[in-house]
Amino acid sequence: MIKAGKERTPYLFISPLILFVVLLILVPIVGSIITGFYRDVTFLRLKFIFLDNYAQLMKDEGFWRSMKFTLLFIAVAVPLEMIIGTAFAIVLDMKLPVRGFLRTCVLIPWVIPSAISAKIWQLIYDYSYGFANFLITAFHLGRPVNWIGTDIGAFFAIVIADVWKTASFVALLVLAGLQAVPSDLRLQAKVDRANFVQTFFYITLPLLKPVLLVTLLFRTIDSLRIFDVIYVLTGGGPGGATTSVSLYAYKYFLGGDFGYGSAVSVLLFVVAFVMSYFYVKMSRFQGESGL
Amino acid sequence: MSEERAKSILTGLTVTFMVLFSLIPFIYMVLVSFNVNPDFLDRGWLFTFAHYKDVLTEESLHFIDYLKNSIVVSAVSAVFTVFIASLCAYALTRLEMKGKAFILFLVLAVSMFPQVSMIAYLFKIMVSLGLINTYPALIMPYIAWTLPLSLWILVSYFAQIPKELDKAAIVDGCNEFQTLFKVVFPVALPGVFSTTLLAFIFAFNEFIFALILTTDYHSRTIPVGIAMFEGLHGQVPWGQIMAASAITMLPILAMTLIFQKHIIGGLTKGAVKG
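Listed in order, the protein sequences are those of chains E and W.
Be aware that the first sequence starts at 1, since it is given in the working numbering, and climbs by one per residue.
Be aware that the second sequence starts at 1, since it is given in the working numbering, and climbs by one per residue.
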């Protein structure tokens, strides 16, 4: 390591980053926490009400419904992303002749802005002429599904659209993990006449565990804040059935109630913060080599 | 050899599913964009170029404005982010200071925060600064928002560069700033490049800040523009929406095809550790 000429130099180098993070992320967060203690509604006088917003939240059925939806969404979507993403990663790791093409395919859902892909999915789910119902009718799989108009249809519409986008991300992370698995270990397994299923479950999977855990935690935290896919695809409907916590808070902001909306967003932040604590702890034990 | 066969069948199925699953929505978008009717599956194929012509020439749709806003905002954000993150990554990998790990993990934690917990107050800040519906209102949060990822990727690239290089530069009389930009930067160029690309993609895809901080075509970005797209004649203009989406994706797709290795490299570098 080079000895710094002046003691101040390193701090000079990191200060722009710290400045941006503090002013544009931490200050707004603290601001929201403070706003949550106020009655802050457009056209009404600002009033300090301390925990009243939170007391009201505890009794707010709409809020609990959005919380339930968000947790259910995580419980269904994240395991699907992990399984599909891992399967993709295993195939991408093989020395197939079309490897470059396959990697590009997997990247496409990830680079398309979610708002745009949600629009495409909206048309796919269209009741009368969407591609989804076309497939169902063409293959005689049953009657056309009312995707966006029913609670369960809208739920799975969102899950599929989200898994489409994020499975590729999981695949890329797991792929990086796979490439770190020493190939002589797999070779040894082959010599020991283990079949590929055994090799996967007894050798690859245990070695992948740290990567899978970090990815799982990352996907869980990221799903907790889901917003854009739902905003575009269902708008939180039908009748609020697919309103995530983020969307619920946004609807209060839109209506001019900043105090209550902030209280909702602060609760979401607390959950995310606790999870990020574990995420950071896990990453730390993984990535010591960085410095 | 039935095991080998089972394996190749399984592989074949996964590959087929992967390609179809990833590409079908994308192909569907392109087909609809070239069709007179979005219900071409029932009514048959009727080729047209009109949707593209509409979104490119009809000024009241503001598609070109949205696209221009997106490109300017994302490019400026990406350049600033990479510059700021490089300074920090240089200090973290080459200079002596306390609390390095703390900064890295603070930044990582911050990137996990829900955007919705910031937007209300960010909106108020931008209102009081008179910046609502301007480029800076988006560029500043985008820089902050893309810094964590950029920092993590750059730190892992910079850490691989031998430190003897800097020593030689310092002996030659360079200060730290010159060392970073004349010695470290050129060597780390592939890493810097993929970081810029990723920061651009992140900013280009961002939705919720743009939804709150912009009000019309003067600064609204393309994801919000397409989400709110209203046609000229009332009903949902699917053809135009898909044409607009296809044009938007063209530069991103070209970048992905050409720089696939860089994007994957950068992403896995920053994310597996992060």
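One or more hints might be untrue.
Stated by the list, open to error - Residues of chain W placed beyond 12 Å of chain E at every Cβ, according to the derived structure:
1. Ala6
2. Lys68
3. Lys182
4. Leu267
As the list claims (entries may be wrong) - Some residues of chain W that are not near chain E, with every Cβ distance over 10 Å (derived):
5. Thr11
6. Ser22
7. Gly130
8. Pro141
9. Pro162
10. Ile212
What the hints assert, rightly or not - Where chain W lies over chain E, by a calculated footprint (3+ residues, C-beta under 8 Å):
11. 63-74
12. 223-234
Honestly, the hints are just simulated from the structure, not real lab data.
In this text, a Cβ means the ideal position worked out from N, Cα and C, and glycines have one as well.
Cross-check of the supplied hints:
1. Ala6: At about 8 Å from chain E, Ala6 of chain W fails to clear the 12 Å cut-off, so the statement is violated.
2. Lys68: Its Cβ never comes within 12 Å of chain E, the nearest being 16 Å, so this holds.
3. Lys182: Fine: 15 Å to the nearest Cβ keeps Lys182 of chain W off the interface.
4. Leu267: 6 Å, violated
5. Thr11: 6 Å, violated
6. Ser22: The assertion about Ser22 of chain W is violated, with a minimum of 4 Å to chain E.
7. Gly130: Given that every Cβ of chain E is farther than 10 Å from that of Gly130 of chain W, nearest at about 17 Å, it holds.
8. Pro141: Answer for Pro141 of chain W: violated, closest chain E Cβ roughly 5 Å.
9. Pro162: At roughly 12 Å from the nearest Cβ of chain E, Pro162 of chain W sits farther out than 10 Å, so the non-interface label holds.
10. Ile212: 7 Å, violated
11. 63-74: Since three or more residues must qualify, the claim that chain W covers the segment 63-74 of chain E is violated, with 0 doing so at under 8 Å.
12. 223-234: holds (count 6)
Hint violations for this structure: numbers 1, 4, 5, 6, 8, 10, 11, all remaining hints satisfied.
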